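S.K.: Listed below are the residues making up each chain.
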Amino acid sequence: MIARLAARLPGPPAVGYALLALAVLVTLALLGLLYEWVGSTFLDTGGRIG
Amino acid sequence: MRTMPAGRRPLTPSARLGTLLRRTGWTLLGIGVLLAGFVVYELFVTSFFAGRAQAGLTEDLNARIAAAEVQTVAYEAGSLDLIAVPVGMADDVPAPADEEVAAALESSLGRAAVQAVAAPAGTAEPPEGSIVEEPAVPEGDALGRIEIPSIGLDWTVVEGVETADLRRGAGHMPDTAMPGQPGNAVISGHRTTYGAPFHDLGDTGEGDLITVTTATGSHVYQIVERRVVAPTETWVTGQWEGSWLTLTTCHPKYSARQRLVVVARLVGGPNAVTLGAGA
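Sequence lines, in order, name chains A and B. Using my numbering, you'd call the opening residue of the first sequence number 1 and step up by one each time. Using my numbering, you'd call the opening residue of the second sequence number 1001 and step up by one each time.
Some clues are possibly wrong.
If you only want the chain A side, here are some residues facing chain B, beta carbon under 7 Å, derived [as the list claims (entries may be wrong)]:
no.	residue
1	Leu5
2	Ala7
3	Gly11
4	Tyr35
5	Phe42
6	Asp44
7	Thr45
8	Gly46
9	Arg48
10	Ile49
11	Gly50
Calculated directly from the structure, the hints in this document are not laboratory data. This one's a predicted model, so the numbers in the text were calculated from it and none came from an experiment. Cβ atoms here follow ideal geometry from the backbone N, Cα and C, with glycine treated the same way.
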């Protein structure tokens, strides 16, 4: 599946793989930010008062 | 009107239903993976980061305590702008036996992490009418170590309660008294994420002892009150006469809706004679 996705992207296969890896990293980073925001807003703020 | 491309047959109702079911299944699977990722992140990834931060903080704390210059200063009740203790606080909790306080001090000072540097200050009480003064700690630096033996709590406390501070451990609220000093030292901590330093705070009981070790020695507090309040109830951070410790965390577990507040009074340590309950 990864090879097929990489082949669909423009440029040589190596560039396709690099773009895919970048997309995965960006997605994971965005997910981490989303998890962090949801967790620190609704789940546990750290117990601060005020 | 849309026309069917040549060579493609229209989907039968059962094939359409199959496609719908398959897409729904993949969507639910995706949502499940996202939720599972959230749980793993909150419970394990954040705790991993907190654990690493704690290791560094403990080293910093030992270095800071070793280098700290502690001074004894005169203290007169009423010389600071402290307010009256809230009505009913600590009314029905008998003070602990001297042996119990001594055992808590000995246990804390016996720990290798703080033994070498904290023992002299922690065991040498200043003369009555004077206190050992806690040196200022920059925000983000290690301030001390908090232990509650009854629930197995043992964490290094960082100065500050900003989000970044609390990701590293329990945090001391700036502008409140330092532990062992006149007033009310407020320490906040996560209950379910980032190592959850205050996860079991709800299991403490009145009379349990808390030890906070700083550059001025080990200060023993006795829990006198537990309350659930709204996050906006700032009276719990008030600077009361005497020497107090207030711990705050989210309540109930896995919700930031309320705060569990544990209040303790100073009963042992270098400043207890001048500031403690019996003073």
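S.K.: Each hint should be assessed against the structure and marked as holding or not.
M.R.: How the hints compare with the structure:
1. Leu5: 16 Å, violated
2. Ala7: 22 Å, violated
3. Gly11: Where the cut-off is 7 Å and the nearest Cβ of chain B is about 28 Å from Gly11(A), the hint is violated.
4. Tyr35: Hint holds; Tyr35(A) Cβ to chain B Cβ min 4 Å, cut 7 Å.
5. Phe42: Cβ of Phe42(A) sits 6 Å from chain B, so the hint holds.
6. Asp44: 5 Å, holds
7. Thr45: Holds. Min distance 5 Å.
8. Gly46: This hint holds: Gly46(A) lies near chain B, its Cβ roughly 4 Å from the closest one there, short of 7 Å.
9. Arg48: 5 Å, holds
10. Ile49: 5 Å, holds
11. Gly50: Holds: closest Cβ of chain B sits about 5 Å from Gly50(A), inside 7 Å.
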